[in-house]
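Residue numbers (this note's numbering), protein chains in the order written: chain A, 1 to 502; chain B, 1 to 502.
No wet-lab data here; the hints were simulated from the structure.
None of these values were measured; they are calculated from a predicted model.
Among these hints, one or two may not hold up.
[Stated by the list, open to error] Distance condition first, Cα-Cα at most 20 angstroms in a straight line; then the derived PhoX-like pairs of lysine-lysine:
{"hint": "1", "chain 1": "A", "residue 1": "K90", "chain 2": "B", "residue 2": "K130"}
{"hint": "2", "chain 1": "B", "residue 1": "K130", "chain 2": "B", "residue 2": "K65"}
{"hint": "3", "chain 1": "A", "residue 1": "K261", "chain 2": "B", "residue 2": "K30"}
{"hint": "4", "chain 1": "A", "residue 1": "K381", "chain 2": "B", "residue 2": "K447"}
{"hint": "5", "chain 1": "B", "residue 1": "K173", "chain 2": "B", "residue 2": "K130"}
{"hint": "6", "chain 1": "A", "residue 1": "K447", "chain 2": "B", "residue 2": "K103"}
{"hint": "7", "chain 1": "B", "residue 1": "K447", "chain 2": "A", "residue 2": "K252"}
{"hint": "8", "chain 1": "B", "residue 1": "K30", "chain 2": "B", "residue 2": "K130"}
{"hint": "9", "chain 1": "B", "residue 1": "K90", "chain 2": "A", "residue 2": "K447"}
{"hint": "10", "chain 1": "B", "residue 1": "K381", "chain 2": "A", "residue 2": "K103"}
{"hint": "11", "chain 1": "A", "residue 1": "K65", "chain 2": "B", "residue 2": "K447"}
{"hint": "12", "chain 1": "A", "residue 1": "K188", "chain 2": "B", "residue 2": "K261"}
{"hint": "13", "chain 1": "B", "residue 1": "K381", "chain 2": "B", "residue 2": "K408"}
{"hint": "14", "chain 1": "A", "residue 1": "K90", "chain 2": "B", "residue 2": "K452"}
{"hint": "15", "chain 1": "A", "residue 1": "K447", "chain 2": "B", "residue 2": "K65"}
{"hint": "16", "chain 1": "A", "residue 1": "K103", "chain 2": "A", "residue 2": "K65"}
{"hint": "17", "chain 1": "B", "residue 1": "K252", "chain 2": "A", "residue 2": "K130"}
{"hint": "18", "chain 1": "B", "residue 1": "K337", "chain 2": "A", "residue 2": "K447"}
{"hint": "19", "chain 1": "A", "residue 1": "K452", "chain 2": "B", "residue 2": "K90"}
2 protein chains.
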Amino acid sequence: MVDKLLKERIRSEKLLDRIVGAEDAAELIKDGMVIGASGFTPSGYPKAVPLALAEKAKKSDKPFKISLYTGASVGAEVDGAWAEAGIISKRLPYQTNAKIREKINSGEIEYVDMHLSQSTQYVNYGFIPKVDVAIVEALAITEDGHLIPTSGIGNTAAFVAQADRVIVEINKKKPLELEGMADIYTTKAPPNREPIPITHPGDRIGVPYIECGADKIAAIVVTDLQDSTRPLAAVSEKEKQISNHIIDFLNKEVAAGRLTKELLPLQSGVGSVANAVFYGLCESDFSNLTCYTEVVQDSMLDLLRSGKAVIASTTSLSPSPEALEKFEQEIEFFKEKIILRPQELSNNPEVIRRLGVIAINTAIEMDIYGNVNSTHIMGSKMMNGIGGSGDFTRNGYITIFSTVSTAKDGAISSIVPFVSHVDHTEHEVMVIVTEQGYADLRGLSPKERAIKIIENCAHPDYRTALMDYYTRASEVSAKQTPHILDEALSWHAKFQKTGSMK
Amino acid sequence: MVDKLLKERIRSEKLLDRIVGAEDAAELIKDGMVIGASGFTPSGYPKAVPLALAEKAKKSDKPFKISLYTGASVGAEVDGAWAEAGIISKRLPYQTNAKIREKINSGEIEYVDMHLSQSTQYVNYGFIPKVDVAIVEALAITEDGHLIPTSGIGNTAAFVAQADRVIVEINKKKPLELEGMADIYTTKAPPNREPIPITHPGDRIGVPYIECGADKIAAIVVTDLQDSTRPLAAVSEKEKQISNHIIDFLNKEVAAGRLTKELLPLQSGVGSVANAVFYGLCESDFSNLTCYTEVVQDSMLDLLRSGKAVIASTTSLSPSPEALEKFEQEIEFFKEKIILRPQELSNNPEVIRRLGVIAINTAIEMDIYGNVNSTHIMGSKMMNGIGGSGDFTRNGYITIFSTVSTAKDGAISSIVPFVSHVDHTEHEVMVIVTEQGYADLRGLSPKERAIKIIENCAHPDYRTALMDYYTRASEVSAKQTPHILDEALSWHAKFQKTGSMK
Chain A
1 MVDKLLKERI RSEKLLDRIV GAEDAAELIK DGMVIGASGF TPSGYPKAVP
51 LALAEKAKKS DKPFKISLYT GASVGAEVDG AWAEAGIISK RLPYQTNAKI
101 REKINSGEIE YVDMHLSQST QYVNYGFIPK VDVAIVEALA ITEDGHLIPT
151 SGIGNTAAFV AQADRVIVEI NKKKPLELEG MADIYTTKAP PNREPIPITH
201 PGDRIGVPYI ECGADKIAAI VVTDLQDSTR PLAAVSEKEK QISNHIIDFL
251 NKEVAAGRLT KELLPLQSGV GSVANAVFYG LCESDFSNLT CYTEVVQDSM
301 LDLLRSGKAV IASTTSLSPS PEALEKFEQE IEFFKEKIIL RPQELSNNPE
351 VIRRLGVIAI NTAIEMDIYG NVNSTHIMGS KMMNGIGGSG DFTRNGYITI
401 FSTVSTAKDG AISSIVPFVS HVDHTEHEVM VIVTEQGYAD LRGLSPKERA
451 IKIIENCAHP DYRTALMDYY TRASEVSAKQ TPHILDEALS WHAKFQKTGS
501 MK
Chain B
1 MVDKLLKERI RSEKLLDRIV GAEDAAELIK DGMVIGASGF TPSGYPKAVP
51 LALAEKAKKS DKPFKISLYT GASVGAEVDG AWAEAGIISK RLPYQTNAKI
101 REKINSGEIE YVDMHLSQST QYVNYGFIPK VDVAIVEALA ITEDGHLIPT
151 SGIGNTAAFV AQADRVIVEI NKKKPLELEG MADIYTTKAP PNREPIPITH
201 PGDRIGVPYI ECGADKIAAI VVTDLQDSTR PLAAVSEKEK QISNHIIDFL
251 NKEVAAGRLT KELLPLQSGV GSVANAVFYG LCESDFSNLT CYTEVVQDSM
301 LDLLRSGKAV IASTTSLSPS PEALEKFEQE IEFFKEKIIL RPQELSNNPE
351 VIRRLGVIAI NTAIEMDIYG NVNSTHIMGS KMMNGIGGSG DFTRNGYITI
401 FSTVSTAKDG AISSIVPFVS HVDHTEHEVM VIVTEQGYAD LRGLSPKERA
451 IKIIENCAHP DYRTALMDYY TRASEVSAKQ TPHILDEALS WHAKFQKTGS
501 MK
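With the rest of the complex left out, here is chain A:
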């Protein structure tokens, strides 16, 4: 048993005596520490040690608070359990868990919502308190004590490089065949940074392991736990319509000679719109597609399976539980078609701009001038975070934002006079899509955009009111971006008071 483990998963004999139980490993984490966790989305994150720490904290009456840095979201075993145990003081750069979200919005947790590619730099440049302990899920440890990552890379390399001590969770549930899918390349800090030598999504430029070294490894916990990946949400009729509009737009770009049938590398946020778009692409006339993105979901696996797409670069594999099971039986097929990179690379502005990524992301709301809110409900309540949407949107070849035109059974218009929070500005949002249609905003002034967004994207129930606001604003304010400031946010305020924007 130990022999097999040694041979396959822990390839340095001297590390065998560092194998401990999760509870013992959790003892290494002290009050006030900064913890860096591996993974990105519910994929590749540590599970056993975080759960043990949460249990310990719940039983203790001593004050215990830590800061948690991750790649992006992690599973409930970290964000959920730790939030419930009340041990997180600061959290960055992203989350999607209901329990931690509740504590963020109640003010108990200080949450720093960051561009994901910049989170790596904040660590490397020493802009935020340093990582004390990194907890890393790994497939295996090499003879030299380096870590073979599992299915989500995120900021792991940066955390391991900075941490004083590293706790490794060797997850036997993760097939060893994944080894080699990761391509780890790290950047030097300025002024010594070199050009990142990626000119095609399929370029491999690094090594298949995260540098660590045996000395840093303070504890090894052997686990057998599957990622709590998200179930696949059904694609609604409206989301299907959004997908159709996006594919229609892309077809028109091909017809206009601004794209070829191979398009350019695709990026997409997670969720059912993304799945709808990629399922739509499976049935399209496009061919030899490539993806340069941060998350691979079910539909992207299907796109690769169908041969429509030839390569996907990502920092995380996050399919539904069913799709994950299927994927794990086809790893050899996917190994040549998927590259797992650190998020500093998957989301890197330099590479995204060079490759000319087509960025497709979802919005909570958009305003008539093309500003997009991706993060806050009614301006104050954090939903998830900006994630990588800013990395891709500011640097993409074409940047698309979609949302269903209404929410809460029509009580909320997703197109408003003035968004209650801005994550993507009028300067970088190119195309807005709802189930009603799309508005291509490129080269339009704010006034021209307003007409197009209202006519093409707003729900018919709100078009008249939006046009009325725009018309009246044009009469009373300067006309670059007409607004009536004491009415601009009144739609939201009305919803808060009456439960409807109508």
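With chain A fixed as given, assemble chain B onto it according to the hints.
For chain B alone, coordinates are given in the frame of chain A:
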């Protein structure tokens, strides 16, 4: 006379017969055309032909409208004269002229306010109507019909490449010694773009001329007109204090080991705060400084003269008239120390992030959560535009925004509950500075930022009211980013009604 001109400025004999008067050249510009003009800031822009066109249009009663694309702002000979003549229908990507601003805000001109580095891509990718005629100020035309630019590069290379016809203004006022200062490198469109091989601000990677070819040159106008550069504004006491706070901050970063005495390449917006900062640097302990910026002003020339800075990469030289005169006597000295690049490179995200630029820009207003408005007065009225501030801010190593804490004799607070327009979001603004002090926002949650900005940066006259808003908002809304939405923009609305935010 023709011999000397031929030898020095028009180095192809067959082009001599294309020399015409400005009025004749202006005849090439027809109603409905898109015109691309050389230059960036009031530097390197065409003058004689635009003035002739404006005169012609004023005398004519035929409808005549054109779209004007430039690098950034241009002199009054273009924006001022054309706005006055009423011939601009669409304008992009930036302006600073009072006459055109008036017509933008009256709704007569459709103005597209763009990230300057992206404006090149919009042209190259065919996202906006194509340039019909480029008007280019040049030092000289080479034997092969290529154009040696003068003192402002901007988007000239992209316009020339796309235009059907090129009108060249050979400006004898510009010293021939400038030849060689420009380094022209253009990028291919994805998927064929290569890494940009700049790893130091001083790297030269291109050629000293803009590719054109004799065939495209439809007319040559010989002029002798100086750029209408902006006079140097005096540095106020408050701006001096802002500069001191910025230098204090940089010193602390050096002390913390996050920067060396050589800092990292500096970028700065134009204006008196920028001048104050660079004058401050002249007297600082920093050494071997470098600049990677879009505009070189008086103070940056002094920084190079003093030896404190060793190199400046820019797309434009835009000193005051006095400093320009002095500069022109010292071109040999500066030729090894200044590189003029196309704005796609001076403002390139890839290069800015790789070099680790320290970006220092000014704001119109900021809110308590760190969002910055750089463009709109009271949410609707366009001031100048976002310019390059977004290119540098999103990708810089450290990003700083400054403003005097009040405007209009204290009637306006530059720190508000909610900015009336967002150009730079909470996700990328790192340091906020007013004459009151600075707030280092790195790694802070919105709540933590609010306290710091109010305490360190807001004017004492407004601190209590800001804290009162923040406190009351915290009681009624979700606590990630506390807001009272029907009060969030009330400070602006109050100013519009009463003339004061107090």
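So, going through the hints one by one against the coordinates:
1. A:K90 to B:K130: violated, 50 angstroms
2. B:K130 to B:K65: The hint holds at about 15 angstroms.
3. A:K261 to B:K30: This hinted pair is violated, its Cα atoms lying about 36 angstroms apart.
4. A:K381 to B:K447: holds, 13 angstroms
5. B:K173 to B:K130: violated, 31 angstroms
6. A:K447 to B:K103: The given pair, whose Cα atoms are some 14 angstroms apart, holds under the 20 angstroms limit.
7. B:K447 to A:K252: Violated, because 45 angstroms separates the two Cα atoms, which is more than 20 angstroms.
8. B:K30 to B:K130: The given pair, whose Cα atoms are some 14 angstroms apart, holds under the 20 angstroms limit.
9. B:K90 to A:K447: holds, 12 angstroms
10. B:K381 to A:K103: Distance of about 39 angstroms is beyond 20 angstroms: violated.
11. A:K65 to B:K447: Given that 20 angstroms is the threshold and the Cα spacing comes to 18 angstroms, the pair holds.
12. A:K188 to B:K261: Roughly 19 angstroms separates the two Cα atoms, so the pair holds.
13. B:K381 to B:K408: Answer holds: K381 (chain B) to K408 (chain B) is near 16 angstroms, not above 20 angstroms.
14. A:K90 to B:K452: holds, 17 angstroms
15. A:K447 to B:K65: Satisfied, since the Cα-Cα distance of roughly 18 angstroms is no more than 20 angstroms.
16. A:K103 to A:K65: holds, 14 angstroms
17. B:K252 to A:K130: With a Cα-Cα distance of about 18 angstroms, the restraint between K252 (chain B) and K130 (chain A) holds, given a limit of 20 angstroms.
18. B:K337 to A:K447: Violated - the C-alpha atoms of K447 (chain A) and K337 (chain B) are around 43 angstroms apart, more than 20 angstroms.
19. A:K452 to B:K90: This hinted pair holds, its Cα atoms lying about 17 angstroms apart.
Violated hints for the displayed structure, listed by number in ascending order: 1, 3, 5, 7, 10 and 18.
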